[in-house]
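Asks: Need the complex rebuilt from these two chains, each delivered in its own frame; the hints are there to steer you.
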Amino acid sequence: MTAVEQARSVRRAQVAPGSPASPGPARPPLRVVPPKQGRLPARRRRARFLVVTIGLLVATGMFAIVGAQVVLTQRQLRLDQLDQTLAQAKTTNGQLALQVATLESPSRIVSEAESRLDMAMPPEVVYLTPNAKVASKVQGVPAPLPASGAASTSALAAPG
Amino acid sequence: MVLVGLVLAAVIVRLTDVQVIGTQRFTAYGKSEVLHKVSLPALRGTIYDSSGTVLAISEPETTVIADDFQITDPTGEAAKLAPLLSMTTSQLSSDLSEDSGYVQVANQVGPSAAARIEALDLPGLTFQASSRRFLPSGNLALPVIGQVNSAGVGYSGIEEEYNSALAGHPGSEIIPQDPSGNTIPGKPEDVVPVRPGEGLVLAINSAIQYVTESALAKEIVSSQAKSGWAVVLATNGNILAMADLVAGSTPGSPPVEASSNLALTYLYEPGSVAKLATFAGALSEGLITPNTVLNVPPYLSLGGYRITDAEPHGDEQLTASQILARSSNIGTDEIAAKLGPKGLYHWLVAMGWNRTTGLGFPGDSPGLLPPVSAWSGSTMGSMPIGQASAISSLQLADAYNMMANGGVFVQPRLVAATIGANGTRHELPAPPRRRVVSEEVAKELVGMFGGVVGPNGTAPAAAVPGYTVAGKTGTSQIPSNGGYAQNAFMATFVGIVPAEHPALTIVVTLNQPAPPDYYGGTIAAPVFSQVATEALRLLHVPPGKLSSGAAQVVPSTTIGGSGSTPFH
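So the sequence lines, in the order shown, correspond to chains L and S. This note's numbering puts the first residue of the first sequence at 1, with every later residue one more than the last. This note's numbering puts the first residue of the second sequence at 1001, with every later residue one more than the last.
Just chain S, with the same shape it has in the complex (with noise of 0.2 Å):
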């Protein structure tokens, strides 16, 4: 009688403790036998070109995995599988019968594969949600674009960069589920819902791109450099196309995208496109003007170093516009004297050769402009000529579009708008600005550079026909070992177009073409052309040189010609 009360009154006890002091312990625990946490993957935000151009966008994808030990005829489960995994029945079989608990049977299966493996409602198998980047049109502008990861994260280019806009916020739900894992109805619990990610509109051209990096394809084969990159700027900062490309493995074959935008992320001594800085200066100054007639001996001895020209030459007589058009060393070291270290330093500066372009872009360098005090005895004869010093071809580009603006530093910029997750389209903020020469000064270097196309200039091939250019030239050696390579150049054109109301600011540098021709002028400056041409119809920017009521027949400079694309 004892026991049977003893035992009534445990029962009792028991049953309190369950219907009453621990209800929400047995609540919680009966919930988490059923209710599941479902994670929701946001979708990764599309990048597109200017015009609307898809160049990345992301699809969602599944992956498959087994549970073995739930398993029981592998076989019979792969030979259902195969068909849709395009897998061998063999191997999938295999795969199902490893007895680990955990099989990744397939990855990036696409939505209507995986729903038909679901509706085969197949015992042991679960579905993870992913996604898979694509770019559209293959490698265009990819060390602009940059990759995404497998885990779905960006390392390099605009994807690094943008990556937490483009990633969004996954979300998440608490749903009933059977113990089969089917989804029992009933209303989620503890719902964070999924922020997509945001679109990105770029500045860049997609049509543009393509030209571009065709015709810098073509030069790179033909003139057997190394790598070569270039930049295609509008006037307002946008960045219309910018292009990085390595030589093939073999000699003649396509080359191929660089792994980094070569275009921001390369310092290179310039050369001779760096003498916008002592012009500009000095015309600002007064110290010159487009017509100071100056002697220019057949060297100069700076801090035991001999500069010289490209050509040998006695003593002549140059204006200064006639200095800038031969490319002269030693008339524009003498222009440079007259500027000083310092004035020269605060010039250099002036053109933004210290600090980063503003785009914000992975690897984006400051370049490298050492102070005053660093230098040497021969510092002004290598300075003023664009050695001694490093930037990137978009320093270069961005000085040389400050002259197209009529003296005004317009910084770049490669994104012009966000897409919201509700397709709002979001324009950025026109980039900053800031008054570097006067309207005067940019109007007299437009003039001076123009004769550098000219038929006594340094790159009549720069010549586009139908528009006025504007440029210059550069042919540098490459530091190595405390002194210069052999045989080793980097050329450089740089230009503005139409000069007389300019449009677009083109850079295009090639590392190392093969020797002899090797110059800025006969190796980047037909690259300008081309790519100026094709850029120029493409925007609908008249001809300016036309006489009125006459049709005007003008050569093409045709890009790609007949045949594949002449890159991969």
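The following block holds chain L by itself, in its conformation from the complex (with noise of 0.2 Å):
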């Protein structure tokens, strides 16, 4: 049975058979019913609800906001350090740079060779040109193989 013939089945046992007939139950008196203290109708909560939350949701929008503004900057404060440590570094290479090639000028190792290590320029230049026999052993020429075509290391291990 169902809620709906259950209330049906008790209506009509209220009402006896065979009673007199009458226009019907008697209603009761109708009275103001106090408002239910602490609770809202539900759309008034909703609506509620959404401001609060979109709210919290501007208010941590705009936080998020001042917060990544301040990591940009941060990291564009960072950044800035980064190019001046980078010009710097550059501006010091150059300097480097050109101490070298000061120090490599011909005019200076010509000058620092004379002056302070008393060095001059040969009155003669001496060309030494070794035999064949000599150069094969000193630039590594393999000698020829034995008739016998067995390999031999005696000849490159003569001394030269």
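Keep in mind the hints are simulated off the structure, nothing from the lab. Since the structure is predicted, the reported quantities are computational estimates derived from the model, not experimental observations.
The calculated lysine-lysine pairs, modelled on PhoX-like cross-linking and capped at a C-alpha distance of 25 Å, are:
#, chain 1, residue 1, chain 2, residue 2
1, S, K1338, S, K1443
2, S, K1187, S, K1031
3, L, K90, S, K1187
4, S, K1187, S, K1037
5, S, K1037, L, K90
Replies: Take a look at the structure:
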């Protein structure tokens, strides 16, 4: 039995069979129902929830934006510092390159060699031209294999 | 009530204008108060020699500018600045009290000093970035490298020729700044990135350049020449050295670098060194062989002029090789007559003596070679022996380098490569080549010019111990007032070494050495010998005349010797 059918049976039981006919059951007097304390209508609750949520989201978003700006600024500061460091390093590198180039100047090398190291241009140049036998050993050219064809290291191992 | 309404309406209108209609305008105005465009200077590219040695380099510098209206304590500020700028406090205090609003306190302030001044955070000071060009090797090869003006623009030499590549492109950006000029952290807007200047790698070898300048300087002093120049040219067209010096202000004082690249820009009648064109033409056209015998009379009369040789002689029977070795003007004119005017002109043009060298260097001239139609009756007597036309020493070296390259003309070059902003090296294409004479003729010419340096030639002083040399002397008069100046000569020697496997072509020219010793064979040839000896050693070119298995001692042609550098 469903709840509706149960309600109908209860109503039939309240109206006994054979009783004098009556216009119907007496309607209870109407009264003002006081509003329930602490409870808002669902629609208003939803509206309030929405407002609070949006407010929180906006506040959070604002803080997030501020936070992001702070992070961005910090990163930018760091970037600026790195750029300055890079520029400084490039400047230092250029200054060092200039120093090296100055030290490598032919006129400075000649001057230093002559004045500080007491060097002088040689009065003569000696050219040494080794003969073919020596040259082959010095330059590591393999000696011809013996007639037997067996590998031999004696020629290469011999003092040159 | 009406008045209040009107005021309210006016406020509303103004608010609407500010907040709605004029938003962009007022935003732009606000930004203009905060955002400032900052120029980012591009550092000029570095110039290197062929071995990577820096020849010219730019360093950032700062110009310190003061707005003295903002300076309340000039003396105190001057006291802080003076030690950093190496200036006196009184001078600085005076500068900072000019009441002009703009005072250039100091320029060319180095990076470290500029940073320390900025750290002082003094009121009224601003800093302008600039740069300065340095030449670490002093004035070495200065006429070739050239110079840069105070605005950072090259105005001579390589600096001028390659100015656009060297200068790069400055950048800019818009950054937020507070009213005091301090940068507010923030992302720059409208950033135009800086493109630093490209570097250049020259074909010049600084060691050979130094050797060349040293030897030339010594000879200018000893010969009392007014100036001198020399070119060391590799057979592949690379200019390894190009020296241009002028005599010092007082006799015997060290020569100084010329203001221009004389080897490339100074046109002169080269004299007998130009006989190459006549002999190359006659050999190529089969008119002579090295052994062709000609009768050489005591003189020739052409167009009313008498052509003679340096040494008086009677009728002689000389081979073509002997004519060249003795530098006989008469014999050369006889050979040129076989070519005829048009033929001679053709071969003068073939030597490249009517066109620029192709370097693109400022002042590079095509020379002065008059067309045949402008020749007079005596031109066939003067043109074959290097008069009546004018060329530069580099044009001369190019023609002899053709002979060294087996008859192939190779365009010279000063710049071998560029260095990009990221450090990448970009090789420039090899210089163009063109065949002028056959390989056989080139070999014959080298053999004939070898006699010039022999004991019976005009330039035994050009000999290089351990190596064979082929070359030619030239001693020419200097045109003046429609004729030739008295006792004013140009002394030239141009040679190829080693003759059997040429590696170098070297030309040496001395302008007006003091008589009586003004000959190319005695003034220029020794310089050639010294330069060639050192250059061959530096380039590790092995000597070719040494006997195997024995030590050979050859005298060293010392350059500079003891003492300080012979020039500044």
